[in-house]
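Those protein sequence lines, which keep their order, are chains V and S.
In this text, residue positions in the first sequence follow the numbering used here: the first is 69, and each later residue adds one.
In this text, residue positions in the second sequence follow the numbering used here: the first is 214, and each later residue adds one.
No lab work stands behind these hints, which were simulated from the structure alone.
Given the structure is predicted, the values throughout are model-derived calculations rather than measurements.
All C-beta atoms, glycine included, are put in the ideal place defined by N, C-alpha and C.
Errors might be hidden in some of the hints.
What the hints assert, rightly or not - Simulated coverage check for chain S against chain V, where a stretch passes if three residues somewhere in it have a Cβ under 8 angstroms from a Cβ of chain V: (1) 591-602; (2) 605-612; (3) 616-628.
Stated by the list, open to error - Examples of chain V residues toward chain S, derived with CB under 10 angstroms: (4) Val123; (5) Glu125; (6) Ala169; (7) Asn211.
As the list claims (entries may be wrong) - Some chain V residues flagged as far from chain S (calculated, every beta-carbon gap over 10 angstroms): (8) Glu71; (9) Thr94; (10) Ala164; (11) His177; (12) Ala190; (13) Ser204; (14) Gln226; (15) Asp245.
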Amino acid sequence: MLEIRKLHARAGGNEILKGVDLAVGTGEVHAIMGPNGSGKSTLAGVLAGRGDYEVTEGSVTYQGLDLLGLDPEERAREGLFLAFQYPVEIPGVNNAYFLKAALNALRKHRGEPELDTMDFMALVRDRMKVLDIDPSLLNRPVNEGFSGGEKKRNEIFQMAVLEPKLAILDETDSGLDIDALKIVAHGVNSLRRPDRSIIVVTHYQRLLNYIVPDFVHVLSDGRIVRSGGKELALELEERGYGWIEDGEPVGGRA
Amino acid sequence: MTSNASAAASSVSHFEASYAAAAVQRASEPAWLRGVRARAASAFSRLGFPTTRDEDWRFTNIVPIAEGRFVPAEGGEAAAAEDCDRYLLPGLQGPVIVLVDGRFAPALSRLDGMPAGVEAGTLLEGDRAHRLQRHLTAHAPFDQRSFTSLNTALFPDAAIVEIAPGTIVEEPIQLLFLSSGREGTASFPRALVLAGEASQVRLVESYGSVGDGRAFTNAVTELVAGPGAVVELYRLQRESARAYHIGLTQIQVGRSANVSSHNAALGGLIARHDAVVVLADEGAESALNGVYLADGQALVDNHTEVDHAMPHGTSHELYKGILGGRARAVFNGRIRVRPDAQKTDAKQTNKTLLLSNEAQINTKPQLEIFANDVKCTHGATVGQISSDALFYLRARGIGLAEARRMLVRAFAGEVIGRMKLEPVRDLLDRLIAERLPDGAEEESLA
Ligand SMILES: Nc1ncnc2c1ncn2[C@@H]1O[C@H](COP(=O)(O)OP(=O)(O)O)[C@@H](O)[C@H]1O
Ligand SMILES: [Mg+2]
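In isolation and in its complexed conformation, chain S is listed as follows:
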């Protein structure tokens, strides 16, 4: 056994110990969930942490996570209302569920005045666990994905949103997952969203850090859109610059349902997000939009997977990245068109803007097409700020820094413009303008 392998093995057993320690909590859970957790824990023991020898992790070395000896965070009084204000979208009146280190924070949440047809809360409240068996943990494949198995074995609670069939929810629902950011802690946020037949709902999932210690977040969200449901899911990952963030969004799209998944990756030293969309029935439609911003030594990895299982499915995808400093990014876009999925219309685009010479992107489309009557296109571009455009702006009196900021915002604007929720657009535009990567000011490309 190499020393690396033994280190990895010891970090696996480290989390096995965490699993054993959580036995007390599991004792109160329904038998089906205990069974799932036991299977997830043994899957994790079997799978271990991924390494760069795994195709899906080739460019993303997670040794700092595997060997970080992270201890599951205890939660408690780690966050205050001001911490929530940093991350919640302004001006929204709808329900808010706040989990701190994966645990429900009722004092920070807003669950009164719930609109008719909306059930929102957490797993441990009431008896939800008993009736969620069909969906909770049923979609995110904990037997195949190492981090998903780890989350499934260890999540302490879960945010649950259920929309009754036919309900049109006016106000967006916010789920805020705060990491205490305490040094050396791990947290396991979990969410389940069930949008009933012909319902309509918009959800904003925000991930933020209270402190800026070296902390590890391992998040899983499952979203099930019933037939004819229309769902917009915004995921805004804004954890601290020292955070490690691994997340999976697993989306099942029913017959003629329409799901837009918008993913902003703005924080973390290593941030990996997998967006998996299964177009499970005929005429299902999905949009995947992503914007990622990294600087310094950060690594941001977006893996997307659209599984066209049935005919007449549509998936349109645009991911755009802005990289400065010595940041690295990975984009991998898999589109699978199964033999039954005739008349599929799939489109994928990844564009990256490099603001420094040391920044890097590995981008790869992965098309697996097993049907013949389909339309599938993909494209990737990697570029720098156009020196012609920069000169044009400066020649009109606009300063170098502002000119660069304008061009970067314009670049991101193409994808942000596809996000319908205005407070999200405003926030992302502002965050990008404020946090232009290292070197953007001093390094002249003119």
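If we strip away everything but chain V, and leave its shape as in the complex, we get:
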């Protein structure tokens, strides 16, 4: 599904990613953990095509495509989805209108007929229930005036509607109370499928109690310094990131 090799990226004149190697197979759930500032969002942003970063070295292959050569919208149309750590407020753009435009852009790319408003609303109502989303959210401008929890749920709701092949969730858990966390985790779990891969980026182990990963990686100072199974997350929770940062780096995949 995804193969990242020796990825180096700069932002604002600083090297943030310093040689990331990671391979994600079809249907796998990977967790990327790491201290604040270690480059987790940078990695997610580089994968989604955010313009703030300059890739200086390395390659990313996604479903046989040179991912870094694609525009952000092309990546999305190929089935890549980023749930933003900080979803963007877009005043004046209606949430339903936006999501319908996005879905139809994807469908068009896949050679499927565009959905009309009725079919779209039917699909959306169905997905909203799973995430316990207030239907009025659809008629509000994208993320504007949403609470932190509403924004995160809206991201997963979008994921449920757009049905990506590879979803990257950037700290979708942060700022959520335990009830909201459970709803979001339930939403993500309901989207787990053998042909869909998920990368869960998180600072805390807590989310991984609900979304159980196949693999856990620790990102520190722009490198993956340790990889393991789900027990690695528990170990991190107990011993803190200091333990990793002081330890011997271990690259690559578990």
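With chain V held as given, fit chain S with the ligands onto it using these hints.
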């Protein structure tokens, strides 16, 4: 005398010649109007064209107009029904008055089936000129404003709408001012709207071009809202990209009357519009909304002036601009609160979206407050499309061009949403989506 000054002087005398040539037409006009025109002509001779040394024209150089040697258009068979269809709002059944180069085009107009209490037509039809003395030319100050004096001296006819007291007009009334767009011609559209006490009416004034020659439009509209009248006036300026357009909308708002003036400036190489609202009596209320769109080398200038003359007046104003290419815009919002105008509530906002690095805006509030118990706020912002928002949309699969279009429409939507007439909202949304300024497609801000 500098060469510039002498060129300006010769262009003034050029229009003086036009005035002399129109003497035949004036001969049939009532004496009061002939007198007004003579005073307007001499005011124009005295004032000349404004230059960038005039504070009100500092950023708007109209030398191409002053030295353009424009000849008043003859009118005639310059427009057809298809030309009207390009500019009239679809789906409206109400009266339509079409003036081509400032002259009435009866075949293109729709004046049958006039609703009760509505008088609509033109100055030269019937004997309107005799009974309009109190209002026609009485409000737009032709002794102070150069272009207003020029229009007042030269307008060949005028669209006149009179709403009888207490009349509620259901269907919006459309005034269409077409410029033939013939190379080197000038036209002087004129309109007067009188909304009687407690009447309600919506009017749509559209300005369009038939051809796309270098043509000059100098328009003046006077609107008088009687006590308790509720009026919505939409002004949609959509002339060609080579047109020069100078316009004044002069609005008198009576006691407890409510006037909304909505102004879209979408066309012209140089387009200047002054919206002047006089809250002439107690409890008068006004909304001023504007949207302007310019690209290429165009210059769009909006000057607004709200004159709070009496207590308990309200004025809320929002102008939003979208600029691409090397376009320039000027916004100047004057709010005057006279000593008597206690309890005034005035609010003014100007926001501009720059779609290219070469586009520019000069924005300036001008508050002149002479009363102490008032609420006056103003604010201006200038920004670009948010790269975060653009990335967010693209990350969901929406292409760059469409994402930009969505964000621009959303920006304009804030002010378009304040316009109550749905066909106007639909039209403006469509025109803006269709005509995103130069460079919007290729220049990536992501
Ligand atoms: N656009 C940017 N410009 C400059 N520095 C950035 C930018 N984005 C991130 N950084 C820096 O890169 C480092 C990693 O940030 P980030 O990827 O957000 O970390 P994490 O998500 O792991 O907390 C931080 O030091 C941050 O300040
Ligand atoms: Mg982060």
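A quick look at each hint next to the structure:
With 4 residues carrying a beta carbon less than 8 angstroms from a beta carbon of chain V, the segment 591-602 of chain S meets the three-residue requirement, and the given coverage holds. A stretch counts as covered by a chain when three or more of its residues have a beta carbon under 8 angstroms from one of that chain; for the segment 605-612 of chain S and chain V the count is 8, and the coverage holds. Under a criterion of three residues with beta carbons nearer than 8 angstroms to beta carbons of chain V, the stated coverage of the segment 616-628 of chain S is upheld, 8 such residues being counted. For Val123/V, the interface hint is violated, since its Cβ never comes within 10 angstroms of a Cβ in chain S; the closest pair sits about 15 angstroms apart.
The restraint placing Glu125/V at the interface with chain S is violated, with a minimum CB-CB distance near 22 angstroms, outside the 10 angstroms limit. Given the 10 angstroms rule on beta carbons, the hint for Ala169/V holds: about 6 angstroms separates it from the nearest Cβ of chain S. A least Cβ separation of about 8 angstroms between Asn211/V and chain S falls short of the 10 angstroms threshold, and the interface hint therefore holds. No Cβ of chain S comes within 10 angstroms of the Cβ of Glu71/V; the nearest lies about 21 angstroms off, and the non-interface call holds.
Listed as a non-interface residue, Thr94/V keeps its Cβ farther than 10 angstroms from every Cβ of chain S; the least gap is roughly 21 angstroms. Annotated as non-interface, Ala164/V keeps its C-beta farther than 10 angstroms from every C-beta of chain S; the closest such distance is 13 angstroms. For His177/V, the shortest C-beta to C-beta distance to chain S comes to about 7 angstroms, within the 10 angstroms cut-off, and the non-interface label is violated. Annotated as non-interface, Ala190/V keeps its C-beta farther than 10 angstroms from every C-beta of chain S; the closest such distance is 20 angstroms.
The beta carbon of Ser204/V is kept farther than 10 angstroms from every beta carbon of chain S, the shortest such distance being approximately 18 angstroms. With a closest Cβ-Cβ approach of about 7 angstroms to chain S, Gln226/V is found to fall inside the 10 angstroms limit, against its non-interface label. Interface exclusion of Asp245/V from chain S stands, the closest Cβ pair being 25 angstroms apart, more than 10 angstroms.
Hint compliance for this structure: hints 4, 5, 11 and 14 are not met, and every other hint is.
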